[in-house]
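Novice: Read off the chains here:
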Amino acid sequence: MTALVPPELVFACGAEPFDVNNVIPESKRYPKSKLCAWTAIWSEMLVNKEIEIDSLIVVAGGDCHNALVDGQKVQRSGIPTHFFFYPFDGNPEYLESQLESLSGFLGGVRYPGKFREISKLKKLGKKIDEKRCNGRISPADAFRILISFSDLCGDLNKLETAISSVREQKIELNNRIALIGVPPIYSDIHEVAQELGLQVVFDELPFEFIRHSGNDIHSTARDYCGYTFARPLDFRFGFLKKELEKRKVDGVIHYTQFACHHMLEDEILRDELDCPVLTIQGDMPGKTPEQVKLRLEAFGEMIGRQP
Amino acid sequence: MIGLDVGSTTAKAVRIVNGEITYEITGTHNWKDLIKGVDKEEIISTGYFRKSVPHKANVTEITAAIYGVRHCYPDADVIVDIGGQDTKVIDVTKNNFTINDKCSAGTGAFLEFVANYFKLELEELGTLHLKAKAIPEINNTCGVFAVSEMISQLVAGYSKEEVIAGMHYAFARRISFMVPEAETLVLIGGTVKNKGMVSALREIIRGKIMIPDEPQVINALGALKYYNQDIE
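So the sequence lines, in the order shown, correspond to chains G and Y.
Quick note: the first sequence uses our numbering, first residue 10, plus one each step.
Quick note: the second sequence uses our numbering, first residue 2, plus one each step.
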C-alpha cells in the first residue's frame, strides 16, 4: 500500500498489508528521477523487486498525487496494481463502492472478525497517543507505534507486542508541538526535536491511522469518510484547530516534502492557525540535517519569547 | 564578555566597553584569532559554528539577530539577514522566521558567482552598479545558471556595469518574495555592504529600509545582548 488504505479490509480479505513508505526514512537510495523522494524511492524499489509484494494498492485519489503516476510505473513492471480513490466530498456511498472494488481485487472478505479485532487494537493506539500527550510516553516511542497503524505491522500480534513493550516515563512538556503535514522523511526528528526542547504531542497523519475503523465495509466506509487528508482544506483545518486546542499546543511544525503538492497548503495553514508555525521542507531520507536542527532550535527560542 | 559569530564565510567578534561597541572581522577559518587570550567563559557564540567554538552559552543566529537589531533599532518590524550561504527573514512583530538555504539565488553566494565571472572583488560590484545606464531584465532563476544569463545579456550589448546592476535587481526580487509587508525593515549581514544591491532592494521593497553602521557584526552583538540584556 502506498498510503492509508483501510487495513481492516486488507486483513479481512486474508491479505497481509505492507506500507511501502516504511522503508523510506532508512533508505540510502538516490532515485534516478524524482520529484518527491517518498514516492520515487518506493516506485524504484518495487520496479526492481527490492520490496517483496504480491500486489500493490495505490492511494491515487485524495492524498498523494505523485503516487498516481509512480503507481502506474509499478503496474507496468508487471505487479498487479489496484488504484484506490477517496471521495473529496466525503460521499460514503462512493467510498463504500471503492472498498467493495478493493475487496474484489483482494478476493473478497474471508475473515470478517478482523474488523472488530483491529478496532480494539486501535483503542490501544489511542491510549498510547493520550499517554504521550500527558508526558507519560516519549514522542518518538508514540510516533513509532502510531505510524505502524497504517499497515498494523502486517501482523496484529506483532503490533500488540510492540504496544505493550512501550516504556512509560516522565517527559517534561514545556513546548508542546503539533507536527502536521505528511510524515517527515527524517528517521530521528522526534528525538532531535525533544533534545532541542520541543515535545511533539500530536502527529497529524499517524493520528488519522488510529482514528478510523469499522465493523464491516459499510461502517468502515462511513468512518473513513472523515479521513482529513483526503478532504477539502476547510474540513481538515477545522478538525486540526479543535485537536490543537485540546492538546494545548504551543507551536506547530508544518513538515512539507520537496515537490509535494501539500507544500501549497503552507500559506493557507499559516493564515488559519492562531499559533507560531515553523515550516520545514525535507528532500532526501536520513537523519535530521543541521539546517533543520537550526530551524528547530530557533523555533524553540522563539516560542520561549512568546508573551 | 565577547559576542562571537562564526558564520559560513566570516567570523565576527564584538565587545562592549564603557558603552562603546568594538568589533573585529576575519575569515571563518581564522576565528581563533578573534579569541586569543579570551577564556571560554567569556564567549557567547552564534552562527553556523556556534557549537563548535568555545563558548559559555550559544544562541541561534535568528535570535541573535533580533537582539542585535533591537539594540540599534528598537522599533524594527522585519529583519532581513543576507548571509554568505543563506538568507533569513525574521518577522519580529509576528515572532516568525523563514530561511532560504536551498537555493543560492538570494544569498551572498549568488553575488560571488557574479564577481567570479567578471574576476572582480565582491566589494567592487556595488560601485560598478552605480555606473549602469540601463538595467537588463534578468530572470530570478538559479544562481548557478546566472552565468549563462549574464553572458546572454553581454552578447545582447549590455555593458559589464549594466549586467551587474541587472543581477542585483534579480537578487533583490528574489529576496522580496520572502519579505512580509512591514513599516520598518532592517537589513543586516555582509552582503548588505553592497550599495548596488541595497539600491535595488530599496526600489523593490515597500517600507522604510534601515541599515546599521556595521551590518556584518549585528549577530555577534546580538549574542552578547541575548546573554546580558542589561548591557547598554
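Hints in this document: simulated from the structure, not taken from any laboratory.
Careful: at least some of the hints might be erroneous.
Counterexamples of contact, computed for chain Y against chain G with all Cβ distances above 10 Å [unchecked claim]:
no.	residue
1	E62
2	D76
3	D87
4	I100
5	A116
6	E122
7	E124
8	E163
9	E182
10	E184
Here are the in silico distance ranges between beta carbons for each label pair [what the hints assert, rightly or not]:
no.	chain 1	residue 1	chain 2	residue 2	range
11	G	R85	Y	E125	50 to 58 Å
12	Y	F178	G	R85	55 to 63 Å
13	G	K296	Y	G158	45 to 53 Å
14	G	L77	Y	S160	35 to 43 Å
15	G	E281	Y	K161	45 to 53 Å
16	G	L273	Y	K37	24 to 32 Å
17	G	Y39	Y	M179	25 to 33 Å
18	G	E276	Y	K209	21 to 29 Å
We treat Cβ as the ideally placed atom computed from N, Cα and C, and that holds for glycine.
Novice: When the structure is checked against the list of hints, which entries are broken? Sort them ascending.
Specialist: 1, 3, 4, 12, 14, 16
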